[in-house]
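Asks: So you can see what is in the structure, the chains are spelled out below.
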Amino acid sequence: GAVVSQHPSWVICKSGTSVKIECRSLDFQATTMFWYRQFPKQSLMLMATSNEGSKATYEQGVEKDKFLINHASLTLSTLTVTSAHPEDSSFYICSARGPRDYSFWTYEQYFGPGTRLTVT
Amino acid sequence: KQEVTQIPAALSVPEGENLVLNCSFTDSAIYNLQWFRQDPGKGLTSLLLIQSSQREQTSGRLNASLDKSSGRSTLYIAASQPGDSATYLCAASGSRLTFGEGTQLTVNP
Numbered sequence: 001g002a003v004v005s006q007h008p009s010w011v012i013c014k015s016g017t018s019v020k021i022e023c024r025s026l027d028f029q030a031t032t033m034f035w036y037r038q039f040p041k042q043s044l045m046l047m048a049t050s051n052e053g054s055k056a057t058y059e060q061g062v063e064k065d066k067f068l069i070n071h072a073s074l075t076l077s078t079l080t081v082t083s084a085h086p087e088d089s090s091f092y093i094c095s096a097r098g099p100r101d102y103s104f105w106t107y108e109q110y111f112g113p114g115t116r117l118t119v120t
Numbered sequence: 121k122q123e124v125t126q127i128p129a130a131l132s133v134p135e136g137e138n139l140v141l142n143c144s145f146t147d148s149a150i151y152n153l154q155w156f157r158q159d160p161g162k163g164l165t166s167l168l169l170i171q172s173s174q175r176e177q178t179s180g181r182l183n184a185s186l187d188k189s190s191g192r193s194t195l196y197i198a199a200s201q202p203g204d205s206a207t208y209l210c211a212a213s214g215s216r217l218t219f220g221e222g223t224q225l226t227v228n229p
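Heads up: the sequence lines are chains A and B, in that order. Under my numbering, the residue at position 53 of the first sequence is numbered 53, and the numbers go up by one with no gaps. Just so we're on the same page, my numbering is the position in the second sequence counted from 1, plus 120.
Among the hints, erroneous ones may be present.
[As the list claims (entries may be wrong)] Quick list of the computed label-pair ranges, beta carbon to beta carbon:
{"#": "1", "chain 1": "A", "residue 1": "65", "chain 2": "B", "residue 2": "199", "range": "49 to 59 Å"}
{"#": "2", "chain 1": "A", "residue 1": "82", "chain 2": "B", "residue 2": "192", "range": "18 to 28 Å"}
{"#": "3", "chain 1": "B", "residue 1": "129", "chain 2": "A", "residue 2": "87", "range": "20 to 30 Å"}
These are calculated hints, taken from the structure and not from any lab test. Quick reminder that beta carbons are idealized off the backbone N, C-alpha and C, glycines included.
With these hints in hand, go ahead and build the complete structure from the sequences.
Replies: Dropping the structure here:
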């Protein structure tokens with residue numbers, strides 16, 4: 001099946017620094033990738049949608065200058081949290097839309113294992 | 121704007137019991153409805169995906185149904201086990217994937 005990986009799985013950084021999270025589709029080409037954020041005891045909230053080679057589309061209330069998304073290839077998207085603050089501490093999950101065969105047309109999304117970010 | 125609601129928010133049952141988790145959505149124009157499982161501190165595990173043209177999907181002890189006209193989906197878990205304890209999320213796929221708040225399931229041995 002389609003596999004999505006994230007790196008790192010967890011990261012601790014100091015307030016004011018930047019951190020980059022990678023999301024890779026391992027065995028398929030993903031033209032669209034999604035970034036979600038999940039706070040404790042809450043559901044996933046979509047932050048942005050990125051299409052390969054295009055600028056990401058951010059959801060309302062998400063600061064595009066703070067959460068930089070780059071989708072440079074069909075298998076890699078990165079999320080950079082700039083000038084991180086403790087309130088940015090969260091669980092970040094990426095997702096990729098399925099392969100161009102059957103799954104593409106069912107709009108199934110495959111999810112990565114998540115990255116736990118703690119800002120001290 | 122799609123809204124997805126899951127009932128109950130939490131459920132505790134004894135091992136071996138059959139149970140039903142409910143999911144409702146406000147916009148019936150969906151491509152599919154997915155059920156996920158999430159263990160504490162972990163990512164999502166896809167359980168079942170029901171395409172908009174389908175009525176149900178089955179995998180092992182899990183059965184999910186979809187009624188687009190009424191905006192409802194149910195996840196049926198047969199003969200529950202302690203290992204089934206997790207949070208179950210449903211998500212409706214339209215222009216974007218919209219998640220419910222989840223049902224936290226505890227199966228007691």
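Asks: Of the hints stated earlier, which fail here?
Replies: Structure breaks hint 2 only.
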